[in-house]
Amino acid sequence: MRRTCFSIFAVWILMMAPHLAYAQGSAPVAGLEAFDTPSDDGSSITLRWEAKGSGPVDVMRSTSRSGEYELVGEALAADQVFGDATVEEGVGYYYALASVTGGDTVMTDVTGPVAARSNWFRNARKNTMVATIVMFALVGVYVAIARRGKELYVRKIAGLNAIDEAVGRATEMGKKIFYIPGIMSLSEIQTIASLSILKYVSNLTAVYGTDIEVPNKDPLVFSAARETVRQAYMESGKPDQFKEDMVTYLTYDQFAYAASVTAKMVRERPATNFMIGSFFAESLILAETGQAAGAIQIAGTADVTQLPFFVTTCDYTLLGEELYAASAYLSREPVLLGSIKAQDAAKAILMAIMALGIVLLAFDTDIIVRLLKTR
Amino acid sequence: MRRTIPLVLTFLVGMYPIFAFFVPHATVSGVNQWLDKALVIVAAFALPLGVVNLVGMNLEKIKQRRAGWPYAIVLLAGLAVMAYFGVIGVIKGDTGFHPTFEVLFESMVSPLQATMFSLLAFYVASAAYRAFRARNVEATILLVAAIIVMMGRIPFGDMLTGGRMTPLSEWIMNKPNAAAQRGIIIGAALGAASMSIRVILGIERTYLGKSRD
Amino acid sequence: MQPLGLSIGVWVNALLTLCILSFLYKDNPFFRFAESLFAGMSLGYYIGIVTVQTLQPNLIQPLSETFFGNYNYLLLIPMALGIMLYFRYIPRISWLARIALAVYIGYYVGVLMMQKIHGQVLPQTRDTIMPVTTGGIGALWNLVVIIGVFSVLVYFYFSVEHKGVVGKVSRVGIWFLMVSFGASFGYTIMARISLLMGRFSFLVNNWIRPMFGS
Amino acid sequence: MNLKKLLYIDRRIIYLVVAIGALIPIIRPIGLPVVPTEPVIGLFDKLQSLSPGDAVIISYDYGPSSEPELNPMSAAILRHCFHRDIRVIIMAIFPLGGVNMAIRQLERVTGEFEDLEYGTDFVNLGYKDGGQAPMKAMAVSIREVFPNDVDGNDTASMPIMSKVQNYDDVKVVISLATGIIGEWWADLVNAQFDVPVAVGCTAVSAPKYYAFLRSNQMIAVLGGLRGASEYEELLRRNFEWAREVYSDPDEMKQSATTGMDVQSIIHVIIIAFIIFGNVMYFATGKEKGR
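If you're matching them up, the sequences are chains A, B, C and D in order. Using our numbering, the first residue of the first sequence is number 1, and each one after it goes up by one. Using our numbering, the first residue of the second sequence is number 1, and each one after it goes up by one. Using our numbering, the first residue of the third sequence is number 1, and each one after it goes up by one. Using our numbering, the first residue of the fourth sequence is number 1, and each one after it goes up by one.
For the record, the hints were derived by calculation from the structure and aren't laboratory data. One or more of the hints may lead you astray.
[As the list claims (entries may be wrong)] Mimicking DSSO-like on lysine-lysine, the simulated pairs with C-alpha atoms at most 27 Å apart in a straight line are:
id	chain 1	residue 1	chain 2	residue 2
1	C	163	A	150
2	D	253	D	163
3	D	46	D	171
4	A	156	C	168
5	A	243	B	61
[What the hints assert, rightly or not] Simulated coverage check for chain C against chain D, where a stretch passes if three residues somewhere in it have a Cβ under 8 Å from a Cβ of chain D:
id	stretch
6	123–129
7	138–144
[As the list claims (entries may be wrong)] Just some of the chain D residues that point at chain A, by a computed CB distance under 7 Å:
id	residue
8	46
9	50
10	152
11	205
Backbone N, C-alpha and C define an ideal beta-carbon position, used for all residues, glycine too.
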């Protein structure tokens with residue numbers, strides 16, 4: 001209600017605008033300027049002014065200098081800024097601020113014309129742009145180096161050496177190996193890393209002739225895992241030993257899957273359990289049942305929330321990004337090694353930036369902190 | 001040809017959200033918003049993808065009378081009933097859930113899933129008893145931190161220590177725990193970003209699998 | 001949880017709960033029955049919510065009511081891609097499914113990358129730059145956090161053998177990790193107990209007590 | 001010899017002890033006091049700072065498996081919003097039952113208010129597929145992502161939706177989350193669209209979110225049942241209506257505060273297990289028990 005009566009009052013004033021426009025009452029604002037809002041899709045214009053006094057001001061807009069001004073919004077003089085988001089791209093607008101001081105309305109001088117433009121770059125995201133380019137460059141360069149056959153050093157990851165032992169144990173005991181590739185789909189990066197480790201493990205089972213089963217929860221992972229195991233058996237010259245039901249699909253639901261897999265574990269008592277990929281609460285059901293069934297367990301996940309369970313119940317756990325490093329270390333595949341080196345380089349850069357930032361803070365300059373502000 | 005189209009598509013569709021992230025231009029962000037809404041629909045189709053597989057496998061199990069085939073009938077019956085009440089409303093043209101669909105969820109799907117989870121309480125207890133051994137320095141630190149935080153989470157802790165347990169537990173969560181979690185997050189985020197780049201640039205292809213032809 | 005006496009729903013709910021809990025004693029047909037029923041019904045549930053909550057309002061309705069309105073015909077593209085995902089089960093044209101898969105994977109990989117760099121790496125790095133020379137207990141705790149973050153990052157540094165200084169720093173990193181894992185385990189036990197309590201309170205308050213009319 | 005037998009105690013005996021521990025308080029509640037902590041006060045203060053008519057989003061990203069922890073949280077937050085005339089826009093991004101949790105919670109809480117009008121004071125937009133896809137698309141227009149609400153009514157005609165175009169018109173997003181979705185609200189929606197995010201999560205995810213809390217990517221983290229009981233405590237300390245609601249016997253059964261009794265007992269049991277297990281382990285000469 002308050003707004004409508006105010007706009008009627010404003011319209012009445014505007015009809016008399018030419019005489020009142022330059023009434024000399026002291027307007028609480030000065031130096032009004034309007035410009036296209038940077039880094040936007042051409043849908044807003046920003047107004048800025050210096051506050052001389054306080055109290056509300058009305059933002060008036062028109063498409064011609066002396067034409068019909070309409071009310072587009074209210075602001076406080078002290079705000080000194082106003083964003084008009086109701087503009088059309090490319091149309092020239094004129095702005096003025098109307099304020100009521102001592103009974104009569106005082107209009108500031110008109111500013112314009114200004115048009116909103118669709119901008120091609122978000123200035124505030126320069127830092128993310130640099131970071132993205134650096135990351136692409138690092139991965140591109142290191143992968144190129146790796147492809148040219150240059151030897152890239154990656155340290156031994158304890159959990160990985162245990163894989164050969166674990167498969168060996170299963171072969172001696174003539175018992176099954178379970179490989180659980182996590183419960184997320186292919187859009188989850190950890191599942192993709194798990195598939196590379198599955199490739200390595202199924203190469204071993206092909207060579208040793210050990211029985212392996214890969215129960216799946218996600219249909220896309222199910223078909224990708226079957227291709228991966230088939231590929232591994234072909235590459236180690238044992239295509240005949242690959243059986244379709246080595247890779248099975250149980251159900252899509254998290255807990256029905258956990259129930260089915262634990263039931264299988266209790267029935268078939270595997271010698272070795274691999275739980276590598278993305279897991280949630282069902283991780284402890286799988287790990288505890290596997291331990292109770294007497295299996296050697298190797299887990300690996302970047303889901304930090306599940307790491308405590310795996311660390312406490314498994315013999316070896318790939319912590320966080322060791323999972324990604326493992327798929328690179330195992331396959332010795334130049335491309336994966338290259339990206340691990342790229343990640344290490346990025347970590348080194350970040351640690352350097354952090355150290356520099358902390359040192360500069362000691363000298364009261366927070367330039368680094370301001371540079372890293374993301375919006 | 002059948003290999004390159006998917007890889008080119010992954011590159012284009014993968015780069016677009018990154019490009020639109022930096023470019024606010026009206027047309028660019030317009031296409032970006034359309035892509036977001038389009039993926040809502042593609043993801044909707046992807047979610048029940050497992051149905052074809054599950055039905056196929058269980059029919060196979062029933063036909064060959066393999067071990068546990070009666071359970072396969074139970075599974076297919078559950079699937080059919082729930083899907084029927086899920087879809088019948090839409091086919092008949094009215095909107096919202098079919099009342100039976102909600103009752104079935106309420107009295108069957110919900111308790112089954114909740115109870116499955118509650119088993120964890122037992123597994124946690126037995127893991128705490130059997131797996132929690134101070135085998136070495138690291139395991140001891142893990143043990144001590146767990147006990148402090150557990151005492152800090154329950155009113156008993158404060159009662160026994162005159163209110164000092166909750167602040168101590170909060171200190172552990174806010175300082176050492178937050179620092180370690182941050183280290184893991186940064187490392188894992190860089191790992192995921194690098195994996196994303198490999199998938200976009202077509203270096204990482206395992207998810208596509210090798211085509212048989 | 002209807003107050004009016006014990007409806008069938010409460011009985012089915014309670015019996016299925018007992019079937020799952022029986023798994024604690026040992027794997028048995030009751031558990032297998034509940035397990036399979038759940039596997040089937042949960043997939044049926046997904047079909048239900050996908051059709052009712054997404055396909056109908058975002059695809060069927062726009063196409064059927066305003067096919068030419070605000071570019072709705074373009075919705076045929078995601079629909080086609082969605083259907084193509086199912087071509088994997090038709091041998092002759094199974095390679096087409098990989099086109100739909102490429103779009104699905106490509107989009108999420110691109111979105112995820114920005115989430116990770118812009119939403120995690122930069123903000124977390126920025127917040128680790130804290131004053132340590134301002135004196136007082138705050139600066140000391142800042143130092144603890146900084147040491148924690150650096151040592152954990154060094155532990156996850158794969159290009160250098162963990163020997164000498166790097167070995168010691170990564171050992172400190174392991175200690176921070178173990179404190180964090182211990183804390184997480186402590187926090188998580190509460191979560192698990194809550195679940196058990198939730199089921200027991202249902203059995204006691206909604207099934208047994210009403211049975212005896214209290 | 002019998003020490004070793006104790007070490008390999010049958011798991012089912014442990015289960016029995018835990019089951020008894022869980023049953024005692026349910027049959028006779030004790031009601032132990034809880035001290036609110038900073039991460040929970042963050043959300044309480046935020047909702048206190050909002051004025052009537054402000055809109056918030058509550059996203060039900062959890063399923064039946066997290067109900068005991070997140071239902072009390074959802075009930076407390078909904079009551080707080082409705083008592084302060086804050087408009088509530090409800091949705092679910094989690095496929096596994098999220099939308100049914102929202103329906104059930106709304107039925108339970110809106111029953112306590114007479115003057116609440118669907119479509120003006122609150123709306124349930126239902127579930128949408130795609131995870132990050134709808135979350136990103138809502139930055140431009142929520143109505144285009146949710147053309148209909150959960151029951152299929154057109155959202156364009158609802159007063160609440162005419163005032164809320166996208167995240168700019170929302171004062172805070174509260175995600176009641178089980179898995180990773182809570183994190184996406186922070187590193188995608190808060191990071192790119194600058195809307196404050198508070199996460200009520202299962203205790204499993206709480207430790208990780210302390211890192212996001214420190215960097216202000218989340219304004220609050222309510223961790224598990226303890227977080228819920230702290231919020232109930234804050235409500236009781238500040239509002240008469242809360243003292244009434246949380247003293248009604250039927251409500252007491254489902255409240256987080258009563259749940260804390262069970263927690264206390266079983267935590268003590270598990271701590272005793274840990275200590276006892278280790279004493280046995282050292283007593284039997286550090287053999288690797290399996």
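Hint-by-hint comparison with the structure:
no. : hint          : in the structure
1   : C:163 - A:150 : holds, 24 Å
2   : D:253 - D:163 : violated, 38 Å
3   : D:46 - D:171  : holds, 9 Å
4   : A:156 - C:168 : holds, 17 Å
5   : A:243 - B:61  : holds, 17 Å
6   : 123–129       : holds (count 4)
7   : 138–144       : violated (count 0)
8   : 46            : violated, 20 Å
9   : 50            : violated, 20 Å
10  : 152           : violated, 25 Å
11  : 205           : holds, 5 Å
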